[in-house]
Amino acid sequence: MGATRRYRLAVGAGAAMIAATTLTACGSGGQGITVNVYKYNQENFQAIVDNCNTKANGRYHIVYNKLPREADGQREQMVRRLAAEDDSMDVLALDVTWTAELAKAGWIKEFSGSVKSQVENGTLQTPLDTATYEGKLYGAPDNTNVQLLWYRSDLVPTPPKTWDEMISMAESLVAQGKPGLIVGQGKQYEGLVVLFNTLVNSSGGTILDENGTKAIVDDKAVQGLAALKKLATSKAIDPSFSNSTEDPARLLMESGKAAFELNWPYVYAAAQKKPDFAKNFKWAPYPTVSGDAAKVTVGGINYAVSSYTTHPDESFDAVLCLRGAESQKLAALKDGVPPTIRSVYDEPEMVDAYPMKDDILKTLENASVRPRTPAYQNVSTVISTILSPPANIDPQKTADELRQELQNALDSKGVLP
Amino acid sequence: MSHATAEKTEATADEPVAPRKKAALSEGKKAERRLGWLLCAPAAITMIAVTGWPILYSILLSMQRFDLKFPDRTEWIWFDNYVTVLSSKYWWDAVLVTVVLTVVTVAVELVLGMSLALIMHRTLVGRGIVRTSSLIPYGIVTVVAAFSWRFAWTPSTGYLAEALGGDPVLTERIPALMVVSLAEIWKTTPFMALLLMAGLALVPDDLLKAAAMDGAGAWQRFIKVTVPIMKPAILVALLFRTLDAFRIFDNLFVLTAGSQGTSSVSMLTYNNLIKGLNLGIGSTMSVLIFLMVAAIAFIFIKLFGTAAPGSDNGGRR
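The listed protein sequences correspond, in order, to chains A and D.
Reminder that position 131 of the first sequence reads as 131 in this note's numbering, one-by-one numbering, no gaps.
Reminder that position 303 of the second sequence reads as 303 in this note's numbering, one-by-one numbering, no gaps.
Okay, chain A solo, but in the shape it has when bound:
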């Protein structure tokens, strides 16, 4: 009863919001067509929108509508409005993991014909894979992201190549009484799923089958779980690992207590504010688990076009501009997000802003995509719940539990925690 009532309230609030945005859209658009873009708060995105509006030359006018800061809030607002067939949303900025869900529900349009070939032309393959579901392209990659291994060169002269090497180096530093902690993301949230996905794929394991309909969690995945347990129970792990997200990990590293950090490239830009720390702050490719190069989980944002838009042609055109090479370069330099168009990495300005760009590119070539299934939200919730806290993992038993709960989630039979 409580929930139904709240649901009704939410729908009411949603309706009020739609009315409000339509009003503002009419006000600012004035003449001609308005393309409403819904994206999280990106600092310099308005500049990109302004550039594209100039290029559109009056054919349409792009309006930037800011979504909540948290990923869950963004997804909830979008799916709630899409479920209500709201036609005031045209272009949506989606996290790479949402493509399958929205495509399967019939809420976003397929990219086809010349728009498709323009998106694919010169774009890195892994980001394109994240926008593809059942062989069709549903999104245009805007930015991408992969984690690297960050380390203190004053404590660690040569970075470790393997996972076990990293842990033993850190443990010997701790044993010598030096700052040797390893920091990363172990809280019960998406970051833990990213770490798990990296370790399972790097061990050669599989979580779901190709179609995303069957839970596999094979023996190689058990090895991935064992690697995660080894890290979480190591003497060198950050004591608050089981509650740590990206930023606490970064801050602990910057405070000088840690020697190794598994994190996204944004930590490089942040470190430059502390020159003393930054001069010894180096990066290396993610350590391998099985001996082959690690298959690091890819993140990022894709643009999709809503199925309920009343201006599909203008929306696709706007997407091409918003994720074009010029826009991506601006976003990479100003907002620090790695581009998805290969040629942008070769721009001269990128050398200063992205000294680690070659390692990012190399990692991207061999990156892994999180399970592609419409039930991703459920899959992710199940994984982070069962793996939390990571120190309590019992590899074989945890794998069996995961397999069963994931299958339930895929069949929309299970209860989400």
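Be aware that one or more of the hints could be misleading.
[Unchecked claim] Partial selection, computed: residues in chain A whose CB lies under 7 Å from chain D:
| # | residue |
| --- | --- |
| 1 | N57 |
| 2 | K104 |
| 3 | P374 |
[Claimed, not checked] Keeping only pairs whose Cα atoms sit at most 20 Å apart, straight-line, the calculated SDA-like set for lysine to any residue is:
| # | chain 1 | residue 1 | chain 2 | residue 2 |
| --- | --- | --- | --- | --- |
| 4 | D | K275 | A | A71 |
| 5 | A | K413 | D | K89 |
| 6 | A | K362 | A | P348 |
| 7 | D | K275 | A | R69 |
| 8 | A | K257 | A | T245 |
| 9 | A | K397 | A | V222 |
| 10 | A | K413 | D | I77 |
| 11 | D | K89 | A | Q407 |
| 12 | A | K279 | A | E254 |
| 13 | A | K235 | A | S172 |
| 14 | A | K357 | A | D411 |
| 15 | A | K334 | A | A83 |
| 16 | D | K275 | A | L67 |
| 17 | A | K214 | D | M292 |
| 18 | D | K275 | A | A84 |
| 19 | A | K397 | D | K89 |
| 20 | A | K413 | D | L288 |
| 21 | D | K275 | A | A83 |
| 22 | A | K178 | A | S168 |
| 23 | A | K413 | D | F70 |
| 24 | D | K275 | A | D411 |
| 25 | A | K362 | A | T385 |
| 26 | D | K89 | A | T385 |
Keep in mind the hints are simulated off the structure, nothing from the lab.
C-beta atoms are modelled at their ideal positions from N, C-alpha and C, and glycine is treated no differently.
Keeping the supplied structure of chain A fixed, place chain D upon it in accordance with the hints.
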């Protein structure tokens, strides 16, 4: 709360039955009554349409596999969703958390609310100021209050966390539940106090004076005279607060969002319905919450003899 009103209409509908049997109504009275029904029919029909249909719709949804992510898999599965939910350990965990939160917060609120009501009732100087200031927590929007609690308990931004050693209390199950209870108690004790104060006003001063004359002490007067007389008010306050506490959502949503095993039943329903887009399972949970709330109301009204608000409570004691 709409549930309490449903009980109310039922209870008031009961009352006129008795007199009607005793004496047949005159023609004029009958016509007047018919006109009365006709006049309130439009409002009643609208009410039923806007409350009845969503309830019926969620019952229908709860009997289907209905997942917005898989629109082509929609089918009638009757009670399978109920089997799934009732055999899920997440559901029973949430029920346990909800029951514990309800019992603890309502019990503490009753004690604190009663003390506050007595203070407000007895105050001679500055009565208005005392009453107004004690109502401030109830006047603050729950989400805003919950955010300030969250920041207060977060190490490095919060004074409470720092004062207690800087441990992240919201990241562990029991401490997090204690913080949620504290926020809930702080927020709704004034409401409890207000309802109880209305009950205190019913206690005749003469009776208390007579008891004092007979040699009853302050505690005896409170237990033997005041409490029995205000029992209907206490039960109504308990009923209201129990129904509200059982559906706890906003405080939890802001403070922990249900992590570390702190999900209440409403939180779990929200996660399945809005986040998971699984309308079948989510509606099943809504229906189950509805049934549990109905059971609570039933127990209070039939077993404890709580007078339904609005009905005549004279004959019930």
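Hint check: 7 Å Cβ-Cβ cutoff, A/K104 to chain D
Holds, about 6 Å.
Is the Cα-Cα distance between A/K413 and D/L288 20 Å or less?
Holds: A/K413 and D/L288 sit about 17 Å apart, inside 20 Å.
Is the straight-line distance between the alpha-carbon of A/K413 and that of D/F70 20 Å or less?
Given that 20 Å is the threshold and the Cα spacing comes to 12 Å, the pair holds.
Pair hint outcome, A/K413 versus D/K89 [Cα-Cα no greater than 20 Å]:
Holds: A/K413 and D/K89 sit about 14 Å apart, inside 20 Å.
Does the alpha-carbon distance linking D/K89 and A/Q407 stay inside the 20 Å limit?
holds, 16 Å
Is the Cα-Cα distance between A/K235 and A/S172 20 Å or less?
holds, 10 Å
Pairwise hint evaluation, A/R69 against D/K275, where the allowed Cα distance is 20 Å at most
Distance ~16 Å between D/K275 and A/R69 Cα, so the pair holds.
Within a Cα-Cα threshold of 20 Å, do A/K334 and A/A83 meet the stated pairing?
Status violated; Cα separation ~35 Å.
Is the Cα-Cα distance between A/K397 and D/K89 20 Å or less?
holds, 18 Å
Under the criterion that the straight-line Cα-Cα distance not exceed 20 Å, is the pair D/K275, A/D411 satisfied?
holds, 16 Å
Given the proposed pairing of D/K275 with A/A83, does the C-alpha separation stay at or below 20 Å?
holds, 12 Å
Agreement of A/K257 and A/T245 with the hint, judged by alpha carbon distance not exceeding 20 Å
holds, 16 Å
In terms of the numbered hints stated before, the structure departs from hints 1, 14, 15, 17 and 25, listed from lowest to highest.
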